[in-house]
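Chains as they are written, first to last, in our numbering: chain A, -11 to 103; chain B, 2 to 112.
Hints are supplied without guarantee of correctness; some may be wrong.
As the list claims (entries may be wrong) - For each label pair, taking beta carbons as the anchor points, the in silico distance ranges come out as:
#1 V29/B with L103/A: 29 to 39 Å
#2 P40/B with K1/A: 16 to 26 Å
#3 R2/A with I14/B: 38 to 48 Å
#4 Q3/B with R(-3)/A: 28 to 38 Å
#5 S27/B with Y38/A: 25 to 35 Å
#6 G51/A with E39/B: 20 to 30 Å
#7 S97/B with Y(-2)/A: 30 to 40 Å
Claimed, not checked - Derived pair list, reagent style DMTMM-like, types lysine to aspartate or glutamate, alpha-carbon separation capped at 20 Å:
#8 K(-9)/A with E39/B
#9 K59/A with D26/A
#10 K104/B with E39/B
#11 K104/B with D84/B
#12 K107/B with E18/A
#13 K104/B with D16/A
#14 K60/B with D47/A
#15 K(-9)/A with E18/B
Just so you know, these hints were derived from the structure itself, not from any lab.
Keep in mind that this is a model prediction, so the values were computed, not measured.
Where a beta carbon is used, it is the ideal one built from N, C-alpha and C, also for glycine.
Given next are the chains, with one letter for each unit.
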Amino acid sequence: DVKVTQSSRYLVKRTGEKVFLECVQDMDHENMFWYRQDPGLGLRLIYFSYDVKMKEKGDIPEGYSVSREKKERFSLILESASTNQTSMYLCASSAPGQSSYNEQFFGPGTRLTVL
Amino acid sequence: TQLLEQSPQFLSIQEGENLTVYCNSSSVFSSLQWYRQEPGEGPVLLVTVVTGGEVKKLKRLTFQFGDARKDSSLHITAAQPGDTGLYLCAGGVGGSEKLVFGKGTKLTVNP
């Protein structure tokens, strides 16, 4: 079974802090994704990585950056946290679409609160 | 921009009732996934359909992909409280590694 883990289930940070969210997958997947999920807005893609050191902006990249130094690990960075970044953050991974029909496997999520 | 519209947005029913959730688009998708998400957890993949007209069954859940691969439905027979959750549909687009997600249907099954 694919296992995607996220470093924290719950996180409380203060405005202006630098925040790191980490995601690790154990299935040797090439693709990794970071989403945020807010009531009424659904899942919104922040960033996507299709290979080590490769990244692509999603729909809402402003205020975020990412790092992928190893295939299994994808980090989301909030350079200076703001209250409007309070949200549920979900990491996902997938094998290349041709072989996997784009099936994504999600971690348990990190509920981030910025005060 | 490809969109997936899910309906209804909210559904509250009694245990034992049947229900259908819809996922519609004007765009063609190469694949369609359904996920279930419980409160405070990440989405869990239930099924993938890839062929127009395809029907898949998972115990009391029946998934159908439209003939034109633009829409899908999820039917639950004799719903149980354990079916409670947010149901998300997601479409794969040929040539892209990304998925297009619907906003979800929040299902509550009351005992």
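Results for each hint:
Against the hinted window of 29 to 39 Å, the Cβ-Cβ separation of V29/B and L103/A comes to about 45 Å, which falls outside the hint. Our hint of 16 to 26 Å for P40/B and K1/A holds, since their Cβ atoms are close to 22 Å apart. At roughly 42 Å, the beta carbons of R2/A and I14/B sit within the given window of 38 to 48 Å. At about 32 Å, the CB distance of Q3/B to R(-3)/A agrees with the hint of 28 to 38 Å.
Restraint check, S27/B to Y38/A: a C-beta distance of roughly 27 Å satisfies the suggested window 25 to 35 Å. Separation of G51/A from E39/B is about 28 Å and conforms to the stated range, judged on CB atoms against 20 to 30 Å. Checking the proposed 30 to 40 Å range against S97/B and Y(-2)/A shows it holds: the Cβ atoms sit about 33 Å from each other. In summary, the hint linking K(-9)/A to E39/B is supported, as the alpha carbons are separated by about 17 Å, within the 20 Å threshold.
Between K59/A and D26/A the CA atoms are separated by roughly 28 Å; this puts the pair beyond 20 Å, and the hint is violated. Restraint check: the Cα-Cα separation between K104/B and E39/B comes to about 15 Å, which is no more than 20 Å; the hinted pair holds. Between K104/B and D84/B the alpha-carbon distance is near 18 Å, which keeps this suggested pair within the 20 Å criterion. For the suggested pair K107/B and E18/A, the alpha carbons sit about 31 Å apart, so the restraint of at most 20 Å is broken.
Distance check on the hinted pair: K104/B and D16/A sit about 29 Å apart at the alpha-carbon level, beyond 20 Å; violated. At roughly 36 Å between alpha-carbon atoms, K60/B and D47/A are farther apart than 20 Å, so this suggested pair is violated. Between the alpha carbons of K(-9)/A and E18/B the distance comes to roughly 34 Å, so the proposed pair goes past 20 Å and is violated.
Going through the hint list in order, the structure does not satisfy hints 1, 9, 12, 13, 14 and 15.
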